[in-house]
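Chemist: Listed below, chain by chain, are the residues.
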Amino acid sequence: MPSNATRERNATENISTVIQDEPEPQPVFTATSSNARQLYNVLKCLNFQSKAQIEINHDGLIVTVEDSRVMQGTAFIESALFTSFVYNPRPTSEASDPPTETFALSLSILLECLQIFTPAEPRQFSNGGQTSNNVFSPAILRSGGTAKFTYNGPGSPLFLTLAEGGDVTTCELTTYEPEMILPIPLRMEELGVKVIMKAAWLHDAIRELDNNLTDTVTLLLRPSSVPSHPSHPSHPPSAPSAPAPDFLLLTSGPLGSATVEFGKQIQILHYTEGYRFSYAFHLIKNAGRAMGLATKASVRGDSQGVLSLQFMIEGDGGGDRDRDRGGVRGTMGEEQGNMGKKMETSFLDFRFVAVEEEE
Amino acid sequence: MSNPTLHFTLSPSSTQRIHESLITLSKFSESISLEARRGILILSALNSTKTASAAIHLTTNRFCITYNFSSSTDTDRFQCRLSARALLSVFRQRFLDSRDKSTAISKCEVQLEQQGPENRIAVRLLCNHGVVKTYKLTYEDVEILHAVFNRDTATARWRLGSSLLKEYMEHFSAKAEKLAISSAASEGRATFTSFTEKLVDGKDTLKQPLHTNVSLDIGNFEEFSVDDGVRVGVSLKDFTAVAWFAAILETMVEARYSVPGRAMQVAYAKDGLEAVYTLMTAQDNRISQSFGGPGSQMGRVVAVQRREPVETREETPRREMIERQESGRPPTERLESVKPSGSESTAGTIHQPTPRRETPASLAPQQNFSYRPTQQLPPMPPTPPPPPQTAPLFLYGEDEDEMDDSDREHNLFGEMDQERGSFTLGWDTTYAGNAEKGEKAVNKKKRGRNTVEDEDDDSDGDFVMPTQQPRPKGLFD
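Residue numbers (the working numbering), protein chains in the order written: chain A, -18 to 340; chain B, -14 to 462.
Since the hints were derived computationally from the structure, they do not count as laboratory data. Honestly, I wouldn't trust all of these hints.
[Claimed, not checked] A few chain B residues facing chain A, derived, Cβ under 10 Å:
no.: 1; residue: C65
no.: 2; residue: R66
no.: 3; residue: R70
no.: 4; residue: L73
no.: 5; residue: T88
no.: 6; residue: L97
no.: 7; residue: Q99
no.: 8; residue: P102
no.: 9; residue: H114
no.: 10; residue: V116
no.: 11; residue: V127
no.: 12; residue: L130
no.: 13; residue: L195
no.: 14; residue: V199
no.: 15; residue: T225
[Claimed, not checked] Residues from chain B shown here face chain A by an in silico Cβ test under 10 Å; the list is partial:
no.: 16; residue: R47
no.: 17; residue: C49
no.: 18; residue: Q64
no.: 19; residue: S68
no.: 20; residue: V75
no.: 21; residue: R79
no.: 22; residue: R105
no.: 23; residue: L122
no.: 24; residue: F177
[Said to hold, decoys possible] Quick list of simulated restraints, FRET-style, between CB atoms:
no.: 25; chain 1: A; residue 1: E36; chain 2: B; residue 2: D256; range: 35 to 45 Å
no.: 26; chain 1: B; residue 1: P102; chain 2: A; residue 2: Q246; range: 44 to 54 Å
no.: 27; chain 1: B; residue 1: E98; chain 2: A; residue 2: G255; range: 42 to 52 Å
no.: 28; chain 1: A; residue 1: R168; chain 2: B; residue 2: S87; range: 47 to 57 Å
no.: 29; chain 1: B; residue 1: D256; chain 2: A; residue 2: Q246; range: 47 to 57 Å
no.: 30; chain 1: A; residue 1: S284; chain 2: B; residue 2: T51; range: 42 to 52 Å
no.: 31; chain 1: A; residue 1: G136; chain 2: B; residue 2: S87; range: 32 to 42 Å
no.: 32; chain 1: A; residue 1: E338; chain 2: B; residue 2: N(-12); range: 27 to 37 Å
Don't be surprised by glycine CBs; every beta carbon is placed ideally from N, CA and C.
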């Protein structure tokens, strides 16, 4: 059994006593997060495959999930996201530089453990409606409880201690030997296209093309047709000389074709003429959750057809905050986010290998 | 021969309506037909067994922002068929799921592209954030089959608010196959029953034993003129789709039918959109559930052999009079249950043979209910003699034109009415291979007797009796 979670309720026992109870001479890795919700949100974006590989280094955690060897999703969780982050490298013979510790675990079970925390929406029925009025309830404060990770090196499980209010949950997650995951290389010196846009726009485009017409989506640049955009005359073409080409996403099948043409409001930072590559749509959809949650997206493609989609997820889960904006709870949540660490930003990077186009 | 050109623009709300229309049509068929004519756009679907047909008529000057259609030289319409799946991916639900309001669409343009070898229906969706989404759909050139329905013989008719209908429909199990609509007008009740027909034969007798009866006071209906004991069965799935769309439109649903084995027409309209469904009805074979005894009276409403839908507006006051006489119920009570004028007037427009375009949407409610003797009815357009019973159910568009050229009104809606309402539906009335009985049934009906099923019913004791008989008085008394 890969995990073992127990939940005990004891109002008087506080977190520190639990921590003292655990005999720990000097674990390889301990980290405490007071904002488990964001951790959950970020990791959830990678939940398209159950097995994840976690690399620990001095800067933070790198979580990698791969699909069919042609698609990888990576989350960079900086050490700043944790209230305490201690990594004691083991003295090993193959001393890598910088030192890292890598293991694999079941991501879906880790997510299930993190989910134990109070949901973001306060339950109406809990405590006879008292909690919904209590400003110190975790749901109002959006503190999301604390999560403590402990790892003792290869062979040892990952201990997870979750505390919220008076509830303490300890989980023990089996770790596995890491598989060899070769990163999909993006040739930065041979970029074919680099575009920055709102993640929601990319999300909208991908959902639009999710139409069962076919399972490939093509990214391409088309020479600009500036006069054909009368709907946005206020936005002058930024490039002084030749106008930047249009950035298109395209799917085509026997029933017809669908094209999403981004206007001039996205920033095409770099391009080479004739860029055109196709990708398996079901793999692109693996990044869908990240698109929905992130605020900004960067789309980069190199001359070999490797595509990188980078997403920036801000603070307490950008999506949540956007949704709550204007509401009382939303403003309180933002204040809370500002009172804590400034802009807890996480990054997700998805890499894709192009498919051969049948033409 | 010049190619037809078609180009129209839709507002976001119209685009949403198209989405809902397509959802409804896709319940009938996997392919959806599009027909463009001058001033009208028709989306339609016909199910694979040709027992149910749905058509959404869009009055282009109300529904579209712009509409340009010029026909080719040899025909006055453009007809094609598209995959429902492809259409639904174009006209998908777009408003509720967008986190960022800026990705909402601002306009939708549809164009027929007939250049070169590639013919496509091109749909361009312009979004608020400057993104343009273009779909090019392949289509199939077809002759569209339209269901024809003879309103003359459809003596049974009721009108019910869509929200009420939806409320009643919610009681039925999604697994049930059939819906029986029966009238016990003498007792002031109408009953909707969901059941599964198969369960009476074979081993699966008890697999779907649930019959759900929803019995309602006919006072809930805007209008109810169905002979006592008339009981028809339709596909529950079809009817659910019909009710679903009606509930979204928040309008008045009107059903017209006659006897089992002949078609039922359900129609409703709102804001330049009119939905017309022609559903084949079947006899409820399960069991005779008569609501009035053999000697019971006819329904309150005398079945009048109506000749033309123009009488619709006169129906309500006449019925009120009868009610006053028979039940002693004060007419005011009846009026109270009448829906507000908005929905009333839009529903009322369905049956006016005069151009609906010119009918003000705010048709005064008093006008609807003012009493006018039947004798003073405006002259009705002549009705073509009904073709023989063996006439085909579906006619090609061109054929329709030829059939009643002489007396056709030269306006669109007259055309539509004629098309939908002037011909006898061709299903054989000789239901279940018993021609004589079927014929007899019709005759009896005309003579004003009731409980056709009572005598006609071929229940011979093999059927499973429902465990609960419908209550003589309903829950809502």
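Chemist: None of the hints should be skipped; say for each whether it holds.
Modeler: Checked hints:
1. C65: violated (13 Å)
2. R66: Cβ of R66 (chain B) sits 12 Å from chain A, so the hint is violated.
3. R70: holds (6 Å)
4. L73: The hint holds - L73 (chain B) has a Cβ within 10 Å of chain A, the shortest such distance being about 9 Å.
5. T88: holds (4 Å)
6. L97: violated (13 Å)
7. Q99: At about 15 Å, which exceeds the 10 Å cut-off, the nearest Cβ of chain A leaves the hint on Q99 (chain B) violated.
8. P102: Because about 15 Å separates P102 (chain B) from the closest Cβ in chain A, which is outside the 10 Å limit, the hint is violated.
9. H114: holds (6 Å)
10. V116: It holds, given that the least Cβ distance between V116 (chain B) and chain A is near 5 Å, below 10 Å.
11. V127: Where the cut-off is 10 Å and the nearest Cβ of chain A is about 16 Å from V127 (chain B), the hint is violated.
12. L130: violated (22 Å)
13. L195: violated (32 Å)
14. V199: Because about 32 Å separates V199 (chain B) from the closest Cβ in chain A, which is outside the 10 Å limit, the hint is violated.
15. T225: Violated, because the Cβ-Cβ distance from T225 (chain B) to chain A comes to roughly 24 Å (cut-off 10 Å).
16. R47: With a closest approach of 25 Å, the R47 (chain B) hint is violated.
17. C49: This hint is violated: C49 (chain B) lies away from chain A, its Cβ roughly 19 Å from the closest one there, beyond 10 Å.
18. Q64: violated (18 Å)
19. S68: Hint holds; S68 (chain B) Cβ to chain A Cβ min 5 Å, cut 10 Å.
20. V75: Since the shortest Cβ distance to chain A is 8 Å, the answer is holds.
21. R79: Since the shortest Cβ distance to chain A is 9 Å, the answer is holds.
22. R105: Since the shortest Cβ distance to chain A is 7 Å, the answer is holds.
23. L122: holds (4 Å)
24. F177: The hint is violated - F177 (chain B) has no Cβ within 10 Å of chain A, the shortest such distance being about 35 Å.
25. A:E36 with B:D256: 35 to 45 Å: At roughly 59 Å between Cβ atoms, D256 (chain B) and E36 (chain A) fall outside 35 to 45 Å, so the hint is violated.
26. B:P102 with A:Q246: 44 to 54 Å: Roughly 35 Å apart at Cβ, these two residues miss the hinted range, so it is violated.
27. B:E98 with A:G255: 42 to 52 Å: About 25 Å separates the Cβ atoms of E98 (chain B) and G255 (chain A), which means 42 to 52 Å is violated.
28. A:R168 with B:S87: 47 to 57 Å: violated (33 Å)
29. B:D256 with A:Q246: 47 to 57 Å: For Q246 (chain A) against D256 (chain B), whose Cβ atoms are near 33 Å apart, the range 47 to 57 Å is violated.
30. A:S284 with B:T51: 42 to 52 Å: holds (44 Å)
31. A:G136 with B:S87: 32 to 42 Å: About 51 Å separates the Cβ atoms of G136 (chain A) and S87 (chain B), which means 32 to 42 Å is violated.
32. A:E338 with B:N(-12): 27 to 37 Å: At 32 Å between Cβs, range holds.
In terms of the numbered hints stated before, the structure departs from hints 1, 2, 6, 7, 8, 11, 12, 13, 14, 15, 16, 17, 18, 24, 25, 26, 27, 28, 29, 31, listed from lowest to highest.
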